[in-house]
Structures are given as C-alpha cells and as structure tokens.
Amino acid sequence: MESSPAGMKGKRGIEESEARWVHPKLKELVVEASRSLARLDADRLEELALSCQALNRDLAPASTAQRAELARQAREAAGDIATFSRVLEVTRANLNVMKRLRDLRAGRLEYGQDRWSRTETEHGDN
Amino acid sequence: MGTINSAFSLISQGLDADQAALSVVANNVANASTPGYTEEIPDWQENQPININGVSYGDGVTETGSTSVRDNVLNERLDQQQQLASASSARLTALNTVQALFTPDSGSSSSKAGDIGSDLTNFFSSLSTLENESTNNADRQDVLSTASTLAGDISSAADSLNSQRSALDQEAAGVTSQVNSLTSAIAQLNQQIMSTSPDADAGTLEDQRQQDLSQLSQLIGINQVTTENNGLEITTTSGQLLVSNDASVQMTNGTVNGVTDFFFGGADITSQLASGGGSLGGYLTARDVDIPSVLNSLDQLAYGISTSVNAQNNAGTDLDGVSGTPTAPLNIFNQPTAVSGSAANMSVVMTDPNQIAAAGLGDGTGDNSNAIAMANLAKQSLFEASPTTVFSVTQNLNASTPLGGSTTGSMQLYDSLGNSHNAAITYTNEGANTWGYSISMPDSLTPDTSVAKQVSYSFGSGETVNPETNLTITGNTANGTATIAAPAVTAGEAVGSAGPPATGYVAALDAALTAKGITGVSVANTGGVLTIAGATATSGNVIADPAASANATGTLTFDANGKLVSPAANVSGITFAGLSDGAAALNLQWALYAPNGTASISQTAAGSSQSAQSQNGFASETNGPTPTDYYSNFVSTLGATVSGVQTENTAQTASVTQLQTQNDALSSVNLDDEASSLTTLERSYQAASQVFTTLNTIIASALNLGEETTVS
Numbered sequence: 001m002e003s004s005p006a007g008m009k010g011k012r013g014i015e016e017s018e019a020r021w022v023h024p025k026l027k028e029l030v031v032e033a034s035r036s037l038a039r040l041d042a043d044r045l046e047e048l049a050l051s052c053q054a055l056n057r058d059l060a061p062a063s064t065a066q067r068a069e070l071a072r073q074a075r076e077a078a079g080d081i082a083t084f085s086r087v088l089e090v091t092r093a094n095l096n097v098m099k100r101l102r103d104l105r106a107g108r109l110e111y112g113q114d115r116w117s118r119t120e121t122e123h124g125d126n
Numbered sequence: 127m128g129t130i131n132s133a134f135s136l137i138s139q140g141l142d143a144d145q146a147a148l149s150v151v152a153n154n155v156a157n158a159s160t161p162g163y164t165e166e167i168p169d170w171q172e173n174q175p176i177n178i179n180g181v182s183y184g185d186g187v188t189e190t191g192s193t194s195v196r197d198n199v200l201n202e203r204l205d206q207q208q209q210l211a212s213a214s215s216a217r218l219t220a221l222n223t224v225q226a227l228f229t230p231d232s233g234s235s236s237s238k239a240g241d242i243g244s245d246l247t248n249f250f251s252s253l254s255t256l257e258n259e260s261t262n263n264a265d266r267q268d269v270l271s272t273a274s275t276l277a278g279d280i281s282s283a284a285d286s287l288n289s290q291r292s293a294l295d296q297e298a299a300g301v302t303s304q305v306n307s308l309t310s311a312i313a314q315l316n317q318q319i320m321s322t323s324p325d326a327d328a329g330t331l332e333d334q335r336q337q338d339l340s341q342l343s344q345l346i347g348i349n350q351v352t353t354e355n356n357g358l359e360i361t362t363t364s365g366q367l368l369v370s371n372d373a374s375v376q377m378t379n380g381t382v383n384g385v386t387d388f389f390f391g392g393a394d395i396t397s398q399l400a401s402g403g404g405s406l407g408g409y410l411t412a413r414d415v416d417i418p419s420v421l422n423s424l425d426q427l428a429y430g431i432s433t434s435v436n437a438q439n440n441a442g443t444d445l446d447g448v449s450g451t452p453t454a455p456l457n458i459f460n461q462p463t464a465v466s467g468s469a470a471n472m473s474v475v476m477t478d479p480n481q482i483a484a485a486g487l488g489d490g491t492g493d494n495s496n497a498i499a500m501a502n503l504a505k506q507s508l509f510e511a512s513p514t515t516v517f518s519v520t521q522n523l524n525a526s527t528p529l530g531g532s533t534t535g536s537m538q539l540y541d542s543l544g545n546s547h548n549a550a551i552t553y554t555n556e557g558a559n560t561w562g563y564s565i566s567m568p569d570s571l572t573p574d575t576s577v578a579k580q581v582s583y584s585f586g587s588g589e590t591v592n593p594e595t596n597l598t599i600t601g602n603t604a605n606g607t608a609t610i611a612a613p614a615v616t617a618g619e620a621v622g623s624a625g626p627p628a629t630g631y632v633a634a635l636d637a638a639l640t641a642k643g644i645t646g647v648s649v650a651n652t653g654g655v656l657t658i659a660g661a662t663a664t665s666g667n668v669i670a671d672p673a674a675s676a677n678a679t680g681t682l683t684f685d686a687n688g689k690l691v692s693p694a695a696n697v698s699g700i701t702f703a704g705l706s707d708g709a710a711a712l713n714l715q716w717a718l719y720a721p722n723g724t725a726s727i728s729q730t731a732a733g734s735s736q737s738a739q740s741q742n743g744f745a746s747e748t749n750g751p752t753p754t755d756y757y758s759n760f761v762s763t764l765g766a767t768v769s770g771v772q773t774e775n776t777a778q779t780a781s782v783t784q785l786q787t788q789n790d791a792l793s794s795v796n797l798d799d800e801a802s803s804l805t806t807l808e809r810s811y812q813a814a815s816q817v818f819t820t821l822n823t824i825i826a827s828a829l830n831l832g833e834e835t836t837v838s
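Respectively, the protein sequence lines represent chains W and F. Going by the working numbering, the residue at position 80 of the first sequence is 80; the numbering climbs one at a time, nothing skipped. Going by the working numbering, the residue at position 589 of the second sequence is 715; the numbering climbs one at a time, nothing skipped.
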C-alpha cells in the first residue's frame, strides 16, 4: 500500500501534519523575544520562557520529521538568534551599569558627605 | 513675645515649606511632557534650634530650593549607546540602499544592476549558442546584445554607487554646522551653570545641556568629563577637544581628493570620526569603506570579464578572416587600463558582429574553436591575470630630521620566478615640508662556479653595481697570496669593461688587484657577465641595482599639517627591469591616496602571471571563482555585511530603549520608582536568559538529531 500513490499521499499527509507541529514558529518566537527584551516587557518574556520550556519537553518524543522541521526552522532563524544574543548581551551590560549605580547611590545615602559632615547641633534634637 | 513669635515663625516656616514643595510638585506635573525635563525634588534644610528658657527646641525646616534627580553616569551611558545606535543606523540605511541596487527586479523588463547575475548567464549562453553555428549573424548579434546589457548594468551600478557616495558625502558635510551649533550652545550653558550653580544641580539648565549632549552624541562620538564648578569638557572619542567649559572649538570641513574631510585645528580627523560613532561615523564608514569595497568588487568583475573576453577574441579569427593585433585589436568590450574605474567605464565597443572571432587563429571562418574557448570563460576564473600584492609602507617622516638627512623604509618584493628582493625607499629631507624619495631594489647575484678557477656573476640588462657589494678576491703574489677587499662603489656605477681602457667596476677591481701585487687573476665583463678567473678564492656578495624607471625617484610635498599635497595623483609605472635571474620586470604602483588614508605600494603582475600566482605575497587566484560565482559571492558578502550591521543596530537601539526606560524611571515625572524599574530590568534579563538557554538546548538537539527527510 505504501508504494501506491494513495499510500504515498497518506504518508505525506501525516508527515506534513507533523511538520506543522512546531508552534509557534521558531523565528517568530526569537523575534518576539528580542522585541520584548528591548522594551523590558518582563511579563511577556516570562511567558516566552514557559513556551520554550514546553517546546523543549515536547521535543523529547518528537518524530524525525518534526525534528527535521525544527532544524529547518533553526537554520531559518539563525540571523534572528544572533540578534537576540546581541540584545541579551547589551542588556546584561546595562544591568551591570544599573546595579553599580544602585550600589553607588545606596552608598551615598548611607555614607554620603551630606550626612557625615553635619555637626550634632544642626540636628535640632539636642 | 519672643517665645510666641518664635512659635508662630516655626509654624509659618513649616507652611511655607509645604507651599514651596507643592510648587515643585506642580512644576513637575506641568513639565511632565517636556522632553528632557528632569524631576526636581525639594531640598529641606533643618533650621537652627530655638532656645526657649534654656531648652533647645527644633526649629522646623526650610525649603531651600530643588535638586533635579539625575544621574550623570546613566546619562553618559545613554549617550554612548546613542552614538553607537546612530552610527549603525546611518550605515545601515546606506547599506540597505546598496543592497537594494543588487536585488533582482523581477517585475521590470528594463535591465538594472540587480540583473547582473542573469546578464552574466545570458552573455555566456549566447557564446555557447554561437558555438553551434558560428557564422549565424543573429547569434553573433545576440552576443553583442547580451554583452551590451551586461556592460550597461555593471556601469549603471557603478554610477549609482558613485552617486550614493556623493549623497553620503553631502550628508556628512551637513553634520559640521550641527555639531558646531551644539558645541557652542553647550559652552554657553556651561558658562551659565558654572556661574549660577557651581556646587549644585542647575535644574533646567542642566536639562538643556543634557539634551544638547544627547543630540551631539547622535551626530558624532564624544567623551565627556565633568570639571570644577559643574563645568564640562567634551572631546571626540579620538581625543580632539570640542568644548572646554565655556569655550568651544569649531569643526571645519574641506574637499580632499573629491570628498569632504573634517578638521579640528587644521588636523584632518576624518578617519578617526569614521570609527568614532554618531551618524557622521556611519556616513563616513559607508562612504569610505562599504561603498568603495562594493565598487572594487564590481571593478574586479568588469576588469576580469573585459580583459579576458577581449584577449580571447583577439586570439581568434573573425568572420572576415581578420585577427586582432596590438595596434588593431578586435575588442568586444572597452579595454580597461586599470582595475579601478573598470565598472563605470564598461561598455561594448564592437559594433560589427562579424568581428566576433569565433574561429581559431589561422582557421577558416566556419571554425568555432575560439567561440568554444570564449564560452568556456564562464567556467574559468577571470581573475588570474591580475595578481597584486599590497605592501604597507608606513614611514614616519620626522620633521626634526636635519636638512639633507634621510630615513629609509623597506619592503620585500617577489619577482616572476618567485625570488625575493628587499626594496628600500629612502626619503631625504629637502626642507619646506618637502621630501625626496628614491626606491631601490638591490639584486643579490648568485655566483656561478661551474668553471674551474673561475667565478662569474650575471648582471641583468641595465643593472649597475650596488654600493653594498663586498666582494673579496684572493690571488697569488710574488711572495705568496694576498686578498683585496671590494673597492668602494658609487651608486649607479656600471659593471664596465676590461678595456683598454678599463672602465667601471671591472677597472676598479683590476686596479685593486694590481695595487696588491696579485698576478694571474683576470677580470672581464662579457655581455653583462662579470667573470673573475685565476683567483685562489673569492667571497662576499656582488649586488646589482636593477634599471629603474624615472618614477622610482621623486618628491613628496606636504602642507603645514603634514598632509600630502603633491604629487596630486598616485605614482604608477615604477619598474625594475632586467633582473639578473631573467625574471620579468617588476611593476609597482604607489597608492599615495588610498581610501583608508594609508598609503600603500602595490606590486602588479610581473611578466608571467602563471609563475606569479605561485609566488609568496601574491594574491593567488589559481582556483578563483568563475564570473557568476564571483558575483554570487559578492552579493552574499554584501548581504552578510548588511545582516551584521542590522544585528548591531537592533541591539544598540534596544540598549538605548532600555536605558531610556531606566533614565525615565529615575529622572522623569512618573510614578515608578527606581527600585521597581531595576527589578523589571532584572526580571526581563533573567527571563530572556531562560528563553535563550532553552532555545539553545532545543536548537542543538534539533540540529544534531534532526535529519532532513524527503517525502516520497
């Protein structure tokens, strides 16, 4: 049967269905992640992280056709993944800057010259 | 009374302070939509305590003004990211235009640059068709027609690129006035801030200054340093001073070699600005790097096709039984004289289709062997004939060198047989910013000792003896043996002859031998071969100087700023001919005005391109791409460049957006506090990292385990 035209059509139908299994498309997912990270949409990024984890779980029992489809999508999304990687990189740099700033400002508040330079009599509580 | 007044005063001051604070809040709200406005918070100062009946009471607070909530470090980071984003944005816009030029236009019947790939296929296909019926006039006409389309599209692409380069040049030139306007404004603001708020935040004045800095960052790459009294010093990223507190330095521009260069204090800093960032950096990178690179690729393609097709057509016989000659060539394309400009000048010069030399040399006009050879050019690399080596010849011409003093740079050249030669360029200070140069290439001669008791050195045609020659000869004397050292040689000294009268180096050797009492040793020059016979031993090296063209010496003139002003064009046609080993003449051209600002010397093809390809230092194209592969690679490379710049631009723009969000949370009028904003940044980064890590696992798994299957 499999060698008959009808059998071929049936097999093709099943494999095409499997090929459509990967949702959402990897490229769209990566582009969405880059955009969300650019505008610091933490909620959306957390949703995407969950989607990726679900996708990873689904991959374990995936068929060869599904894996091949995913491999094709990965190659198609290579440029967008590179972009996402760069956006992640600059975000880490920005986060480092902001953390250092926070530490600096916290230090100023605690040990700043304004506080330490004042004399006791200026406090008005004596 | 004093006590009551004091108490009232205390209450009243508290109320005034509240009112002042309300005013500050009102000011914030009113400016909520003002770009660059920084939130102000009221400054509260505790008053001196009041002493009532010996007891000290707190005296409340006074609102002493307001302080803007800003962070200069964050602003500076934002400015830096903005200048990177602006540079990549300007460069990306230019590259997208270039890429669009080479994108096939399937919807248009008119030919354009994007069709060059199919033009190449059509041209070589028409030659293949001619193979089948080499005398067919329609097929011959088709060859000229497809050649014309190909040439037209290539030259039109070159014209478009040159036009775009001019447009970018104008964009870049326009930045000058904007930069000067902003630096002047910042200097004025500095002056106001330093006089009114030397020790505190200057509120709106600092807002204005920050806005100007932000705009300046989008134009050029800058560094900023806070100085005393709230002043500010700004330099370009390469260190040129733009603003020093209340003074600004104006940038100027001028035309150098057809494009706009930029100056600070007379120094040309165009190349530094190109790598410095801001939109000017993007314009200059596109103008001086990206477009010249694309033009060069197009020139190589046009040069390769034109020279190869012409050469092949001249190697055959046309329909009238005529073959091309050097004086009456049968060229299909306009024959280029150099790679540079080949694309813009590419055209079809042949009008008579009968002149297509389909037949082989000496074959009848019905023969098709040369048509086959021309069609086969589609499968061969067309870029073998122009191996070129570029040498870096950076040399510091120190102005403190005394008049008449000299400095020498060196480079290694390879002749057509693959033998290396160390060439030297000697610069002599002739005063008034003028340096003479002289290029020499000593040719070390290999001694021939194949004949007993005889050593000979073959000089090439026109070669002279180099002063570094240190030949020694040992021979018999009446009392035993003696050795003579090489006689002094003056530059350009001829080998000479044994005479009579003896001349040149032969005469000098003969005289030295005689003076030392050495007998039985004869020195002769026969057809450029210096022969020393009868010596018991010889040592040292005989070095020759090849004959050189007049261009091997000349004068370089610089302006007061050290910029080369003369010669006005590149020096080409420097030739070292008559090498001792029989190698073909070495041809050099000196690119004094390279696009990247670095002068270089190029060694162009020696006489034998076949042997040249195997030489070290030559850009070998032995297995180079076919014309269609070359074009395809060129388009792919362009696409990869655009993609890379697009990635950088996306990342840098994202970074600006993120920093702007943080800055807004910190300094603008909104309800989010700093901690919340930082938390969002951290959450976003962590979630994105999770996405990236999981994606990495998924993709690695898919690419390693996934197999491409075909549905049968």
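Everything labelled a hint here was simulated from the structure, so no lab data went into it. Among the hints, a few may not be true.
Below, in silico cross-link-like pairs of lysine to any residue (SDA-like), each with a Cα-Cα straight-line distance of 20 Å or less [claimed, not checked]:
(1) Lys-25(W) with Thr-806(F)
(2) Lys-99(W) with Leu-270(F)
(3) Lys-99(W) with Gln-812(F)
(4) Lys-99(W) with Thr-820(F)
(5) Lys-99(W) with Asn-822(F)
(6) Lys-25(W) with Thr-823(F)
(7) Lys-25(W) with Ser-665(F)
(8) Lys-27(W) with Thr-823(F)
(9) Lys-25(W) with Thr-819(F)
(10) Lys-99(W) with Ser-665(F)
(11) Lys-99(W) with Thr-783(F)
(12) Lys-27(W) with Gly-765(F)
(13) Lys-99(W) with Gly-765(F)
(14) Lys-99(W) with Gly-240(F)
(15) Lys-25(W) with Thr-820(F)
(16) Lys-99(W) with Val-768(F)
(17) Lys-25(W) with Arg-92(W)
(18) Lys-27(W) with Glu-202(F)
(19) Lys-238(F) with Asn-258(F)
(20) Lys-27(W) with Thr-819(F)
(21) Lys-99(W) with Glu-202(F)
(22) Lys-25(W) with Gly-79(W)
(23) Lys-642(F) with Ser-665(F)
(24) Lys-27(W) with Val-768(F)
(25) Lys-27(W) with Asn-822(F)
Chain W stretches covered by chain F per the calculated footprint, using a threshold of three residues with CB under 8 Å from any CB of chain F [what the hints assert, rightly or not]:
(26) 36-45
(27) 48-59
(28) 85-95
Just so it is clear, CB atoms sit at the ideal spot from N, CA and C, and this is done for glycine as well.
20 Å limit on alpha-carbon distance, applied to hinted pair Lys-25(W) and Gly-79(W): Satisfied, since the Cα-Cα distance of roughly 14 Å is no more than 20 Å.
20 Å limit on alpha-carbon distance, applied to hinted pair Lys-642(F) and Ser-665(F): holds, 17 Å
Proposed proximity, Thr-820(F) with Lys-25(W) (alpha carbon, max 20 Å): holds, 15 Å
Agreement of Lys-27(W) and Thr-823(F) with the hint, judged by alpha carbon distance not exceeding 20 Å: Roughly 15 Å separates the two Cα atoms, so the pair holds.
Agreement of Lys-25(W) and Thr-806(F) with the hint, judged by alpha carbon distance not exceeding 20 Å: violated, 27 Å
20 Å limit on alpha-carbon distance, applied to hinted pair Lys-99(W) and Thr-783(F): holds, 17 Å
20 Å Cα cutoff - pair Lys-25(W), Arg-92(W): violated, 26 Å
20 Å Cα cutoff - pair Lys-99(W), Val-768(F): violated, 34 Å
Distance restraint between Lys-238(F) and Asn-258(F), which requires alpha-carbon spacing of 20 Å or less: violated, 29 Å
Straight-line alpha-carbon gap Lys-99(W) to Gly-765(F), limit 20 Å: Cα-Cα ~38 Å, so violated.
Claimed coverage, the region 48-59 of chain W by chain F - three or more beta carbons nearer than 8 Å: Answer holds; 7 residues pass the 8 Å Cβ test.
Given pair status - Thr-823(F), Lys-25(W), alpha carbons within 20 Å: Satisfied, since the Cα-Cα distance of roughly 16 Å is no more than 20 Å.
Violated hints for the displayed structure, listed by number in ascending order: 1, 2, 4, 5, 7, 10, 13, 14, 16, 17, 18, 19.
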